[in-house]
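Asks: Please build the complex by placing chain B on the supplied structure of chain A, with the hints as guidance.
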Amino acid sequence: MYIAVASGKGGTGKTLVSTSLALCAADLECTYVDLDVEEPNGSIFLAPEIREEIPFTLRVPEIDESRCTFCEACANACTFNALAILPPAKKTMFFPDLCHSCGVCTYVCPAAGAVREVPREIGKIRTGSSGDIGFIEGRLNVGQLSGVPLIKGITNDYIDKQRLYIVDSSPGTSCPVVETLKKSDYVVLVTEPNPFGLNDLKLTVELVKELGKDAGIVVNKDNGRSTVMDEYSREAGIPVILRIPYSIDIQKSYSNGVPLVESMPGMMGKFKTLLGNITGEK
Amino acid sequence: MKNFKEIVVISGKGGTGKTTLTASLADIMPGTIIADADVDAANLHILLEPENIRGNPFTGKSTAEINSDLCTGCNLCRELCRFRAVEVTGGRYHVDGYSCEGCGLCKIACPAGAIQMKEQVVGKWFTADTELGDFVYARLIPGAENSGSLVTMVRFQAKLAAVKKNVKTVLIDGPPGIGCPVTASISGVDLAIIVTEPTYSGISDLRRVFDLTGHFNVKSGIVINRFDINPGNTKKVEDFAREKGIPVFAKIPHSRCIMEEISRSRLPSRKCKHLARAVEEIYRHIQTNLWHKEPMNLKKGGSKK
Numbered sequence: 001m002y003i004a005v006a007s008g009k010g011g012t013g014k015t016l017v018s019t020s021l022a023l024c025a026a027d028l029e030c031t032y033v034d035l036d037v038e039e040p041n042g043s044i045f046l047a048p049e050i051r052e053e054i055p056f057t058l059r060v061p062e063i064d065e066s067r068c069t070f071c072e073a074c075a076n077a078c079t080f081n082a083l084a085i086l087p088p089a090k091k092t093m094f095f096p097d098l099c100h101s102c103g104v105c106t107y108v109c110p111a112a113g114a115v116r117e118v119p120r121e122i123g124k125i126r127t128g129s130s131g132d133i134g135f136i137e138g139r140l141n142v143g144q145l146s147g148v149p150l151i152k153g154i155t156n157d158y159i160d161k162q163r164l165y166i167v168d169s170s171p172g173t174s175c176p177v178v179e180t181l182k183k184s185d186y187v188v189l190v191t192e193p194n195p196f197g198l199n200d201l202k203l204t205v206e207l208v209k210e211l212g213k214d215a216g217i218v219v220n221k222d223n224g225r226s227t228v229m230d231e232y233s234r235e236a237g238i239p240v241i242l243r244i245p246y247s248i249d250i251q252k253s254y255s256n257g258v259p260l261v262e263s264m265p266g267m268m269g270k271f272k273t274l275l276g277n278i279t280g281e282k
Numbered sequence: 283m284k285n286f287k288e289i290v291v292i293s294g295k296g297g298t299g300k301t302t303l304t305a306s307l308a309d310i311m312p313g314t315i316i317a318d319a320d321v322d323a324a325n326l327h328i329l330l331e332p333e334n335i336r337g338n339p340f341t342g343k344s345t346a347e348i349n350s351d352l353c354t355g356c357n358l359c360r361e362l363c364r365f366r367a368v369e370v371t372g373g374r375y376h377v378d379g380y381s382c383e384g385c386g387l388c389k390i391a392c393p394a395g396a397i398q399m400k401e402q403v404v405g406k407w408f409t410a411d412t413e414l415g416d417f418v419y420a421r422l423i424p425g426a427e428n429s430g431s432l433v434t435m436v437r438f439q440a441k442l443a444a445v446k447k448n449v450k451t452v453l454i455d456g457p458p459g460i461g462c463p464v465t466a467s468i469s470g471v472d473l474a475i476i477v478t479e480p481t482y483s484g485i486s487d488l489r490r491v492f493d494l495t496g497h498f499n500v501k502s503g504i505v506i507n508r509f510d511i512n513p514g515n516t517k518k519v520e521d522f523a524r525e526k527g528i529p530v531f532a533k534i535p536h537s538r539c540i541m542e543e544i545s546r547s548r549l550p551s552r553k554c555k556h557l558a559r560a561v562e563e564i565y566r567h568i569q570t571n572l573w574h575k576e577p578m579n580l581k582k583g584g585s586k587k
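These protein sequence lines are chains A and B, in that order.
Taking the numbering used here, I'd label the letters of the first sequence as residues 1 to 282.
Taking the numbering used here, I'd label the letters of the second sequence as residues 283 to 587.
Extracted from the complex, chain A is given alone in its bound form (with noise of 0.2 angstroms):
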């Protein structure tokens, strides 16, 4: 089973809730993966002993200049202007930051041999374990422009289903969040009981209606006093799910990497209740 934690606005807590979901389902034979390849953390909260890692690489096209006849047939094909042929120069230039690695330059070349692809490295995949748990993370490289690759990359080939999956998201509404939902067997929605909070888990939950996948609602930072995410609930049909209370000392030792049931072990029954509640939906 699958289970994407997802948020629309960002620090509302994704990375807490997906480590405790992990740590108390380490019995389960579950595996975290983080796919928040821009910035992944969970590795901070459950130390993994990292056995591999891996370049993750796409195929982008490399022009012999002594093959091609600079007809140009490749740079027009490319939509996202990844290409630009020069004839007078007879000079060819690749943009690799806006190659989305389709293969149309190479498709369309009439030149024997003249667009080759060769592999270009975007970010890492690295796997290990944290006692008990398996550990996936996806690393997106430094100033490359999009991590959907090296999501799907992930949810292609490292996923199967045999195992029960917690899976930290992105932030957002955009692509790397659809990517990683689109596989998903439930959503987990965590936010934050405020204006921004509610604005965003609206956008989040527009996108996981229309994929059609099932969700609740972890309100985290929860004072006790505000209604306005029960309301939403109500009037959206997807409940609340669980409650974190609003704490200093949460804050704490979250700063210090140390996950939320390790710090409140009171935590743990009840996370454990919840991921049963998810599961034995299925």
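Among the hints, erroneous ones may be present.
Here are the simulated lysine-lysine pairs, DSS-like style, with alpha carbons at most 30 angstroms apart [said to hold, decoys possible]:
| hint | chain 1 | residue 1 | chain 2 | residue 2 |
| --- | --- | --- | --- | --- |
| 1 | B | K343 | A | K91 |
| 2 | B | K400 | B | K389 |
| 3 | B | K555 | A | K252 |
| 4 | A | K209 | B | K555 |
| 5 | B | K450 | B | K400 |
| 6 | A | K270 | A | K202 |
| 7 | A | K183 | B | K343 |
| 8 | A | K124 | B | K518 |
| 9 | B | K389 | A | K183 |
| 10 | B | K553 | A | K252 |
| 11 | A | K182 | B | K343 |
| 12 | B | K343 | A | K209 |
It is worth saying that the hints were derived from the structure and are not from the lab.
Being a predicted model, the structure only gives us computed values, none of them experimental.
Replies: This is chain B only, laid out in the frame that chain A set:
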């Protein structure tokens, strides 16, 4: 040569206080265009209460569409598509719009001419008036791609407004992370304010986003929010800043006041004195960094104490 400066507030990690800081700065900076570049989870409008909103559709990428009447089911598009966007349901070929990146390879390859590329509206951008100045923001349709190009549109509109109104600054609320929308938010700006918090996660993300500013040759300064929740980690941030030669513009203490004002959608710097002082300090740093001169007067009526 433009005669205004662009300042972006970024963080790497989400939830460190970018939006609160941007709005508070806008409240005291005279003559500023305000832009929200966090297009997939925009929040600045909640504090700014925009009026007279003008919305414009934003057309992003094209995605492929298969005409089933012409499709012969040869499967070539499905074999060629590297984004696994072509699906077959009940013998019918169709394209998953979320997966399609719009490269057009399938259209070029289709022997039956059954595939067309169709432009998609992926969001909307808005211009509006606020008490604090002209405001440009956007809303990406949840799940859409091209957040980077929508950010570029927001910045373009903000710059246009800056020229029209002849103002000195464009203040941009950036998105979290280090990917395409962040890159689009910071490339070519005059100053990046990096808001961080003294947590292991905050520090890890600070390092990555700082590397990104280096990548684009953007000058930066650090603001440590809620610095007093972990003095040891705050020292680590300060050591990092010293090592990299980045100034720490201000340290903002943790305060319930800020949380409560945000929960009422009110601008916290007007009530929370610690924040107001820090924001003034940041503004002075902005002045010396961008104009190398004595601070201009603060906006009248802003930052009520």
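Asks: The structure should be examined with respect to each hint, and the outcome stated for every one.
Replies: Evaluation of the provided hints:
1. K343(B) with K91(A): The hint holds at about 28 angstroms.
2. K400(B) with K389(B): 11 angstroms, holds
3. K555(B) with K252(A): Roughly 23 angstroms separates the two Cα atoms, so the pair holds.
4. K209(A) with K555(B): 42 angstroms, violated
5. K450(B) with K400(B): The hint is violated at about 40 angstroms.
6. K270(A) with K202(A): 25 angstroms, holds
7. K183(A) with K343(B): Distance of about 23 angstroms is within 30 angstroms: holds.
8. K124(A) with K518(B): With Cα atoms ~26 angstroms apart, K124(A) and K518(B) stay inside 30 angstroms; holds.
9. K389(B) with K183(A): This hinted pair holds, its Cα atoms lying about 27 angstroms apart.
10. K553(B) with K252(A): 25 angstroms, holds
11. K182(A) with K343(B): Roughly 20 angstroms between the alpha carbons, so the hint for K182(A) and K343(B) holds.
12. K343(B) with K209(A): 23 angstroms, holds
Violated hints, in rising order: 4 and 5; the structure is consistent with all others.
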